[in-house]
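Chemist: Protein sequence lines, in the order shown, are assigned to chains X and S. Residues in the first sequence are numbered from 1 upward in steps of one, following the numbering used here. Residues in the second sequence are numbered from 1 upward in steps of one, following the numbering used here.
What the hints contain is simulated information worked out from the structure, not anything from laboratory work. Cβ atoms here follow ideal geometry from the backbone N, Cα and C, with glycine treated the same way. You may find that some hints are simply not true.
Examples of chain S residues toward chain X, derived with CB under 8 Å [what the hints assert, rightly or not]:
#1 39
#2 41
#3 47
#4 83
#5 86
#6 88
#7 364
Per the computed footprint, the stretches of chain X lying under chain S, defined by three or more beta-carbons under 8 Å from a beta-carbon of chain S, are [as the list claims (entries may be wrong)]:
#8 71 to 81
#9 185 to 192
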Amino acid sequence: MNIVVLVKQVPDSGAERTLSADFSVDRASSSNVINEMDEYAIEEALKIKEAHGGEVTVLTVGPAGATDSIRKALSMGPDKAVHVQDDALHGSCAVATSKVLAAALRTLSPDLILSGAESTDGRVQVVPHMLAELLGVAALTGARKLTVDGSQLTVERQTDEGYEVVTAATPAIVSVWDTINEPRYPSFKGIMAAKKKPVQALTLGDLGISGDEVGFAGATSQVLEFNKRPARTGGAKVVDEGNGGEQLVSYLASEKFV
Amino acid sequence: MSKVFSRRDLDFLLYEWLDAEALTARERFAEHSRETFDAFLDVSQQIAERDFAPHNRTGDLNEPTFDGETVTIIPEVSRALRVFAESGLIAAGFPAEHGGLQLPHVVQRACFLWFQAANTGTSAYAMLTAGNAHLLLAHGTDEQISRYVHPMLEGRFTGTMCLSEPQAGSSLSDVATKAVRQDDGTYRINGGKMWISGGDHELSENIIHLVLARVEGAPAGVKGLSLFIVPKKRLDTGERNGVVLAGLNHKMGYRGTTNTVLAFDDAIGELVGEEGRGLAYMFHMMNEARIGVGSGAVALGYTGYLHALAYARERLQGRPVGDKDPAAPPVPIVTHPDVRRMLLASKSYVEGGLALVLYAAKLLDEPSPENDLLLDVLTPIVKAWPSQWCRLADDHAIQVHGGYGYTREYPVEQFYRDNRLNSIHEGTDGIQALDLLGRKVTMKGGAGLALLLDRIIATADKTPDLGGPVKKAADRLAATTATLWAGGDAEKALVNATAYLDAAGHLVIAWMWLEQRRAAEGKEGAFYEGKRLAAQYFVTHELPRIGPLLDLLDSGDTLLRDMDDAWLG
Ligand SMILES: Cc1cc2nc3c(=O)[nH]c(=O)nc-3n(C[C@H](O)[C@H](O)[C@H](O)COP(=O)(O)OP(=O)(O)OC[C@H]3O[C@@H](n4cnc5c(N)ncnc54)[C@H](O)[C@@H]3O)c2cc1C
Ligand SMILES: Cc1cc2nc3c(=O)[nH]c(=O)nc-3n(C[C@H](O)[C@H](O)[C@H](O)COP(=O)(O)OP(=O)(O)OC[C@H]3O[C@@H](n4cnc5c(N)ncnc54)[C@H](O)[C@@H]3O)c2cc1C
């Protein structure tokens with residue numbers, strides 16, 4: 001099975017993060033890592049390859065610095081990578097990013113596309129759906145379990161209430177949550193091998209996309225302002241004078257928790 | 001910021017000071033680059049923090065138990081060791097023809113430090129296995145390597161080192177375990193071993209013991225000792241070999257590692273190398289093993305320091321001495337000079353100790369007659385200095401935590417207990433002192449010591465403002481050494497060997513601080529200020545300790561020889 005895993009480099013959510021003056025994510029001054037959920041997508045791809053054979057390709061749209069994350073992804077075990085990099089991409093919205101990813105995916109003709117369910121910087125959770133639309137393939141999103149039987153994919157789709165079982169035939173895109181598996185660590189051997197794995201560089205020109213379709217120029221929406229979440233306040237103290245229970249319930253009701 | 005260990009400091013020492021990247025110019029390390037070193041360090045930190053640190057206390061509170069049949073260990077240990085084996089770290093330093101990655105020692109050492117800091121008890125199984133595999137790689141036959149080493153590298157087998165016996169600890173020449181040669185070329189081993197770490201458990205398919213024993217008819221003393229491979233289960237039949245667990249030792253710390261009394265009862269053993277060379281093979285690994293112990297001490301001291309520092313910044317208590325207003329808010333204890341004293345002292349010990357173990361490890365990567373000699377002289381210091389002083393950092397960490405530090409609610413008391421072992425195993429501090437003054441500084445006509453002092457003085461000369469006292473101390477140590485050995489009377493020369501080890505150790509660490517100070521030259525920011533501060537602290541507050549020690553040595557005092565133990569009461 002020809003599997004492509006979408007891997008995005010994001011600022012480490014455990015460290016200090018900020019936006020640049022143009023309101024794009026400040027990638028230069030943050031420590032960047034593989035989007036956490038994408039590690040689960042890589043693990044799932046490797047497990048499928050181990051069970052059914054095939055090839056795993058990592059696909060990244062991102063700046064030059066994203067090569068670190070690509071090498072790290074490759075050191076977990078995938079066979080090769082494609083890196084779409086172009087200065088014009090700076091400031092791209094989810095729609096434009098999806099367009100670029102779709103164009104790159106067409107050159108790879110995958111049977112299965114695996115992605116994280118969301119990224120920790122954008123958190124828009126739309127890329128997999130947009131790709132399905134653009135490529136005309138089925139979208140099985142938010143998977144907590146994936147079974148492959150020939151060309152038939154079955155997914156347990158995680159929801160707030162429980163899960164749904166959905167199926168589709170390949171080609172398809174499956175996005176995964178962190179409940180699906182336990183990603184492996186890169187092994188020391190894998191780290192050495194990753195140095196030698198091919199990474200194909202593509203520009204927008206290679207994909208037939210013009211610069212004004214992406215970046216700030218092509219953005220379908222605009223960030224006007226941003227503010228830090230206000231600092232946490234002291235909170236409400238409930239002193240139990242015999243009616244503590246009632247006070248708690250009315251607090252929860254006032255906050256619409258119950 | 002991680003409280004397990006400091007990647008920032010490792011990066012500084014490896015790249016800004018030791019220039020580890022330059023090692024890649026050597027053919028052996030040509031496949032490597034800063035990128036691969038960093039990736040190895042990243043993975044080590046991740047595994048250490050996620051799979052080792054979380055059960056450090058669990059292992060301490062639930063030490064291994066033995067019901068007469070099997071040893072039970074908390075399940076987290078086997079999971080962590082599986083992940084560790086899968087990472088391939090043990091084999092990483094081995095040559096490519098044995099499935100290794102030819103990773104430089106200094107980088108591998110830095111990787112190991114994460115595990116030793118995160119969970120010394122669990123990581124000990126892996127370190128012992130690494131030591132065992134390494135010894136067999138150097139001295140075993142190809143067949144022994146494929147039978148025993150490869151499964152160890154795959155994580156299927158673990159290894160031990162069986163040297164000590166109830167009556168033979170410091171003095172291995174008294175080892176009494178017997179080996180009798182059989183017609184088929186194997187040996188039958190009989191005797192009792194004491195203190196064997198990782199001696200029995202269900203963590204692996206098989207345990208490969210390396211056993212020091214005396215072949216029937218061999219001479220007394222160390223020349224009569226041979227080394228044997230004794231698997232817990234026979235490889236051919238899978239049946240139990242004659243290795244019986246006689247009991248577990250219940251320890252002060254390091255509780256995650258089983259420590260065993262083993263009885264060898266007609267166990268089948270395979271000779272390693274030649275008869276009579278057993279201890280020589282062990283000693284071949286000794287420099288590395290002792291750097292390993294020094295590293296373990298650094299790791300535990302370092303993590304204790306990081307915990308103390310974080311606590312001191314959060315804990316509010318007391319007011320500045322000059323502040324008379326009782327209603328003023330209390331201040332973080334990190335502002336009190338006495339707390340700073342403990343933190344700064346600890347910083348100087350753990351970062352100084354770390355510099356030393358990495359320096360020593362890098363000598364292994366650049367073998368030359370000169371470097372080998374230097375490493376020989378440094379080894380007793382690399383082993384003993386961190387064991388004492390990085391343990392003191394853990395002691396300070398308890399003190400900084402006040403009453404809380406004395407409870408099991410906080411991890412620092414465990415670090416202290418775990419670290420206490422390092423002054424005992426792999427040769428006690430007292431034995432290291434004898435090794436340094438009795439052998440290392442006199443061997444080759446004193447060439448090793450001369451080389452060490454030359455290097456120290458060269459650094460001191462290049463560090464004008466702080467180098468003076470260090471150079472003076474180096475000159476004094478040379479003179480004292482000459483005085484001690486002037487009469488050629490070993491008994492008299494060695495009577496105060498521990499004072500000598502203490503003085504030499506502090507001098508070497510002062511040198512390490514000058515080196516770090518130079519590597520920080522002209523660089524700005526809190527990290528580099530910290531390096532300059534600690535260098536200054538060590539030279540001005542710590543180095544002067546050696547004056548009285550050298551005075552005592554120079555005086556030729558023999559109180560400890562001449563006294564009568566009856567007078568001790
Ligand atoms: C209106 C708007 C304006 C924006 N403007 C900017 C801006 O100015 N600057 C800026 O930096 N960002 C901007 N973004 C965010 C950003 O570039 C895109 O939203 C992002 O690349 C895709 O969204 P996501 O990763 O959050 O998608 P999600 O749908 O949350 O991601 C799901 C999965 O898709 C895959 N994936 C997503 N992106 C990539 C990628 N680039 N390469 C490979 N796989 C990927 C990953 O597997 C990921 O786990 C903007 C977003 C919006 C909606
Ligand atoms: C937790 C733990 C794990 C261990 N793991 C292993 C292991 O895996 N394999 C193994 O083989 N061994 C192991 N050991 C044994 C360890 O190496 C010995 O305990 C150590 O060498 C000291 O020997 P001893 O305990 O017999 O003490 P002794 O040799 O009796 O020493 C007692 C004291 O006398 C001093 N002393 C002894 N001889 C002299 C001398 N000539 N001059 C001056 N002072 C002297 C010592 O410094 C010490 O202070 C372990 C020990 C412990 C506690």
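Chemist: Does each hint hold? Answer for all of them.
Modeler: Hints versus structure:
1. Evaluation of the residue 39(S) hint against chain X yields a held restraint, the C-beta minimum of about 4 Å falling below 8 Å.
2. For the restraint placing residue 41(S) at the interface with chain X, the shortest Cβ-Cβ distance is roughly 11 Å, beyond the 8 Å limit, so the hint is violated.
3. Evaluation of the residue 47(S) hint against chain X yields a held restraint, the C-beta minimum of about 6 Å falling below 8 Å.
4. Look at residue 83(S): its Cβ gets to within about 7 Å of chain X, closer than 8 Å, so that hint holds up.
5. Contact between residue 86(S) and chain X, as hinted, is supported at the beta carbon level, the nearest pair being about 6 Å apart and thus within 8 Å.
6. Given the 8 Å rule on beta carbons, the hint for residue 88(S) holds: about 4 Å separates it from the nearest Cβ of chain X.
7. Interface restraint check for residue 364(S): the shortest CB-CB distance to chain X comes to about 19 Å, outside 8 Å, so the restraint is violated.
8. Here's how the segment 71 to 81 of chain X fares: 3 of its residues keep a CB closer than 8 Å to some CB of chain S, so the rule of at least three is met and the hint holds.
9. Coverage of the segment 185 to 192 of chain X by chain S holds [criterion: at least 3 residues with CB-CB distance below 8 Å; count 7].
Of the hints listed earlier, those the structure fails to meet are numbers 2, 7, in rising order.
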